[in-house]
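Protein chains: 2
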Amino acid sequence: MAQRLGKYTLCLPSMPAIAGYAAVAGKKEGEGPLGDKFDFVYEDSSAGAKTWEKAESIIHGDAVRRAISKAGLTDEQINVIFAGDLLNQCIGTTFGIRETGIPFAGVYGACSTMALSMALAAASVDGGLAGTAVASTSSHFCSAEKQFRMPLEYGGQRTPTAQWTATAAGATVISNCLGKAAIEKIIIGSIRDYGIKDANNMGAAMAPAACRTIADFLNDTCTRPDEYDMILTGDLGAVGSDLLCELMTKQENIDISAVHADCGLMLFDLAKQKDVGAGGSGCGCSGAVLCSEILPKIESGELKKVLFVGTGALMSSVSSLQSESIPAIAHGVLITGGEK
Amino acid sequence: MAQRLGKYTLCLPSMPAIAGYAAVAGKKEGEGPLGDKFDFVYEDSSAGAKTWEKAESIIHGDAVRRAISKAGLTDEQINVIFAGDLLNQCIGTTFGIRETGIPFAGVYGACSTMALSMALAAASVDGGLAGTAVASTSSHFCSAEKQFRMPLEYGGQRTPTAQWTATAAGATVISNCLGKAAIEKIIIGSIRDYGIKDANNMGAAMAPAACRTIADFLNDTCTRPDEYDMILTGDLGAVGSDLLCELMTKQENIDISAVHADCGLMLFDLAKQKDVGAGGSGCGCSGAVLCSEILPKIESGELKKVLFVGTGALMSSVSSLQSESIPAIAHGVLITGGEK
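Heads up: the protein sequence lines correspond to chains A and B, in order. Residue numbers for the first sequence follow my numbering, so the first one is 51 and each next one is one higher. Residue numbers for the second sequence follow my numbering, so the first one is 51 and each next one is one higher.
This is chain A alone, in the form it adopts within the complex (with noise of 0.2 Å):
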């Protein structure tokens, strides 16, 4: 039964374990810094599909079967997955995991979304409602430019600011066993929204949110920044990251710097790499790098304690459209390492 810390902070007492996990991604994502440490990469970005939306729920599909597989589970083991990503009615979700016959609870919080899904099925094994969950997401460059932007036949040119949705998905197995990494604690965040109207710089729409809901897990658990190995953030890139890390040390008064880090700024090496603007985006950017790079550090003990703060921007290309601003979420799950 889990136990509130403070005003939004959620203790799960039964500290459900990541029995298994696993990321899958692109070739542009496969050429960066996590390359060798994804499950698999796709070569092709179509993943053989005649269309982008059905390489998407290829790629999830495949990363929802590795994470299960890899926890020694079946579908037949699972008791409900919590999934979802950015396209229109989360397609990209449903005819993914059609055929697992899993039940599923879709969830919708655009590049929060890996965050919110973790933070749901580890609340349902701590609440009894699941034995074992899972919790996935995906994203994919050309279905999602297709869809927010512009036809990628248009090659429109991309501002400095933007960040490149990742072709990738991310899905983790949470279950009330034994594992060598554990949710100790979940925080739902709220919605923020500073006016940000430039869709072309999420990581501004989303740091107020990702500050908000970091700000108030610290206050509700009485902890500060150093306690961490690391707070995560994902996705807020470049602009985002620095704004975040401005933001908490003049609104707040806390420091988090010295162990921050983004998943958009780990996927791809923006120096080097050709057109990846602020960094990497998309539900599928956080998921990949949390299930490539975070959760094997944590099996290893090498990061003991690692706050993940999924943020995601709520708008539609409607809404830009008729000029609303853009509001932003970032949902938290405190991940440990050792067994219980």
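If you are wondering where the hints come from, they were derived from the structure by calculation, not from laboratory data. Using N, Cα and C, we set each Cβ at its ideal position, and we do this for glycine too. Be aware that one or more of the hints could be misleading.
Straight-line distance between alpha carbons at most 27 Å, and here's what the computed DSS-like set of lysine-lysine pairs gives [to be verified]: (1) K120(A) with K355(A); (2) K196(A) with K230(B); (3) K196(B) with K247(A); (4) K77(B) with K100(B); (5) K100(B) with K247(A); (6) K57(A) with K247(B); (7) K247(B) with K120(B); (8) K300(A) with K57(A); (9) K355(A) with K57(A); (10) K347(B) with K87(B); (11) K196(A) with K87(B); (12) K57(B) with K120(A); (13) K247(B) with K100(A); (14) K196(B) with K57(B); (15) K87(A) with K322(A).
In silico negatives: residues of chain A with every beta carbon more than 12 Å from chain B [what the hints assert, rightly or not]: (16) G142; (17) P275; (18) D276; (19) D319; (20) S366.
We have chain A already, so just place chain B on it with the hints.
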């Protein structure tokens, strides 16, 4: 702590109460059989907004505000809101609840969203994640037509199997306090796809999912249909409802026809109201029917045991244009009367 019954059903021993609820609807819905039962009817479907999307956000936010107020609570006292809608990136919800400051877990289940959000809210209350949680959803005929079908100005003809997306929103406040209606059990469904490709016949696409979830629930709980006052689907409409009863009898050997009702058939008078085709649909349909017609009858004791099964068609315009079939899902909550 939730207890698993059989393979898919969860029993919530704390029996979270429905402490407040509200339904608001548009003009056409207000002219239907439930017209005088809604908390508010918008005579102007634009709700005074400049766009249909903003109108949907207004009615969504309105339902949430009314439900919280009727529960005698303030936004500050709500620990989490589970909510979603049909619009791309769920902007009906996001912009509707943006100002509340309530921690927000976005869900996507198409027209099953009311049942999904209620199931997750009830499980959260039972598991200690929240003392009080809101579950809400909305749909708007004009924003849905524009997004999924044709611009309204086109004046497209509708087939008789097509359903009419409700302009409506429903919200429930679920809490760990006493109440005259309580959520006793929940079931999260899995995706069913019988290969139906006709997006103008969603009832047919969704009936197999409803059949599976209802049969699983009855099997898991070792109960018969005559032990329920009502098995309420939302929103299969006329075509889907007939198919559901037939599937239940032929595939599962369970006759639910004596207790089956459907939100899509209750919202409109199919004989008298123009163009409503096979009945109402859209997330807001089951949300508003539940919160105007059903919950008061449970509170008064007229209905004692209602299995509410929300049904959703998880396709998008893009997946349909790519010749994909329509994956469907159904989630259930068992609502019972009486103080705890």
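Taking the hints in turn, this is what the structure says about them:
no. : hint                 : verdict
1   : K120(A) with K355(A) : holds (23 Å)
2   : K196(A) with K230(B) : violated (49 Å)
3   : K196(B) with K247(A) : holds (23 Å)
4   : K77(B) with K100(B)  : holds (17 Å)
5   : K100(B) with K247(A) : holds (18 Å)
6   : K57(A) with K247(B)  : violated (47 Å)
7   : K247(B) with K120(B) : violated (42 Å)
8   : K300(A) with K57(A)  : holds (22 Å)
9   : K355(A) with K57(A)  : holds (22 Å)
10  : K347(B) with K87(B)  : holds (11 Å)
11  : K196(A) with K87(B)  : violated (43 Å)
12  : K57(B) with K120(A)  : holds (23 Å)
13  : K247(B) with K100(A) : holds (18 Å)
14  : K196(B) with K57(B)  : violated (40 Å)
15  : K87(A) with K322(A)  : holds (19 Å)
16  : G142                 : violated (10 Å)
17  : P275                 : holds (22 Å)
18  : D276                 : holds (27 Å)
19  : D319                 : holds (30 Å)
20  : S366                 : violated (4 Å)
The structure is inconsistent with the numbered hints 2, 6, 7, 11, 14, 16 and 20, although it conforms to all the rest.
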